[in-house]
Amino acid sequence: MELQNELPIYEASLGHAFGCSVKGSSHELNQLPCQDAYSIWTGAFSGKPYIILAVADGHGDKKHDLSQYGSFLAVKAAIDEMLSFCATFGLDDPAVFKKAFKSDFPRRLCRKWRVLVKEDASERLKEEMDSDEQKIYSRYGTTLLVAFIMTDSILIGQIGDGDILFVRNDSRIESVFDEDSGLIGSETYSLSSPDAHKLLQTAIIDRGAGGLLILATDGLSNAFADENQFHVFSQSLLDRIKEYGMQAVSSSIPAWLNKYSHEGSGDDITLALNYIKQP
Amino acid sequence: MSEPIPVPEGEVAKRPLQFFWITDYSGSMSGKRIATLNQAIRESIPAIRKALASHPEVEIKMRAIKFSDRASWHVGPDSVSLDQFSWSELDANGVTATAQAINLLASELSIEKMPRKGYPPVCLLISDGFCTDSEQEYDKSIQTLINLPWGKKSVRLAIGIGKAGEDYDEESLLKFVSHREIGVLQADTPEKLVQYIKWASVTASVGSSQSKSKGGQGILDGDVNVNLPEPPADVVNISSSIDVF
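Top to bottom, those sequences are chains A and B.
109 is the number that the numbering used here gives to position 109 of the first sequence; each next residue is one higher, with no gaps.
One gets the numbering used here by counting positions in the second sequence from 1 and adding 1000 to each.
Mixed in with the good hints, there may be bad ones.
Calculated from the model, a selection of chain A residues having no Cβ within reach of chain B, i.e. all distances over 10 Å [said to hold, decoys possible]: (1) L83; (2) I173; (3) D206.
Covered, in the sense of this in silico footprint (three residues per stretch, anywhere, with C-beta under 8 Å from a C-beta of chain B), are these stretches of chain A [stated by the list, open to error]: (4) 26-33; (5) 184-196; (6) 239-251; (7) 263-274.
Read the hints as simulated data drawn from the structure, not as lab findings.
Each residue gets a CB set at the ideal place from its N, CA and C atoms; glycine is no exception.
All chains should be modelled from the sequences, with the hints used to inform the complete structure.
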């Protein structure tokens, strides 16, 4: 069952999931498309439920002129590859699945994205297709954040900028990956990099007593004064969900994201959430 | 109808773009040169504001370093927003301590003092003279600057006032410049100085606000993360003005 809409979905043992993209205010002014993409997928394998969240941010400047398609293909590749993992390794033995995720997911995901890009480019570019494959990948350049939520843990992958946070039910915040100290400003790693599989980080976190999993493109955190204020927002978002419910909060999120883009970053913003129930 | 849900907490802010004027006010700048510089910088402010109207997400934070016998803050060290920036007259005297000015600039571009998620800083150096600090000191100041992550990523342009070789040392100013294809902008007339100051300040600000450097480790884009157009031909071609410096 594929779900990509603006209503939260609900899975009995994993909680609510929701996603939303808004076009950046500077993209509106400069007549640029939204270059973000997201996808949410829920299902079960061998009777074990899962939710997949994927978020991507196309790089968006002239060198990456097809990046809105690149981000769409990135979230598609992430969902496809996670489903392929389920089929190959099953969920019966979580330890095997997790080990395979850490060791094989980056390489397989990057390969899948490249296959999808080549297919898309052959249709889209036709005779303008460049013989230099790396140049084609670069035109589709994008980041990717992905989370595979299981009953006991969350498998996470990330390449490039953006934020993955887990706000525990007691309001403690876990930033899954540290910021790369070698990158400043708008710099980011990219799925289009020749060695993208080495730059794609993976992590596995314990669901513990549940909480709010946040995947967001950098347009969201860049709208806040600093990292601390972004954390304040994240904790406050969990509080709103607890007080008003996911259904009501999800209907408010598009307007909030528009506000953050207009008053802050100016960038496209994509947010995918999973409010994880206490197991 | 139910009450709207309060927006989550967290202070929202625009992304800062740090802009540094680095201006020579040595004795040789006296008269028309310093008067033109004062006027041109004032006229650049509304031009920058207008050019960035389509980038409301950018908040320019401006500072100015002046140098003659020594370098000091003309506006700073705390930066001010474009709306609050005002340029008070500089009066020319003394020698040309360019290396000290670059060292002062570098001291503000450390990772600790710069917002990590800001835009590449813009640094516009304007001088009409040979640096009176030693060559070794000058080269060391340039090295210090470009060894800093934000120094390396900054957009650094230089305007030489007068004639290259006679008034200023083009080779030495070129060491400061981040975009070698643009080189040192030669302002040998008041008109050129006004136009170059406007062009450089506006172009660098717009270029920085549109900067993207994807791939990390220079994988895709190399070291230059801000693309700038060539200086306009109508400025370059003003060559026969009667009113020369």
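Hint check:
1. Against the 10 Å criterion, L83(A) stays outside the reach of chain B, whose nearest CB is about 28 Å from its own CB.
2. In this structure I173(A) is separated from chain B by more than 10 Å, as the shortest Cβ-Cβ distance comes to about 12 Å.
3. With a cut of 10 Å on Cβ distances, D206(A) stays outside the contact zone with chain B, its closest approach being about 26 Å.
4. Against chain B, the region 26-33 of chain A contributes 3 residues with a C-beta closer than 8 Å to a partner C-beta. That satisfies the three-residue criterion, and the hint holds.
5. Check result for the region 184-196 of chain A against chain B: holds, 11 residues qualifying (beta carbon to beta carbon below 8 Å, three or more required).
6. Evaluation of the coverage hint for the region 239-251 of chain A: fulfilled, as 5 residues show C-beta separations to chain B shorter than 8 Å, against a requirement of three.
7. A count of 5 residues in the region 263-274 of chain A with a Cβ less than 8 Å from any Cβ of chain B is obtained; the coverage claim is therefore met, three being the minimum.
Of the hints listed earlier, there is not a single one the structure fails to meet.
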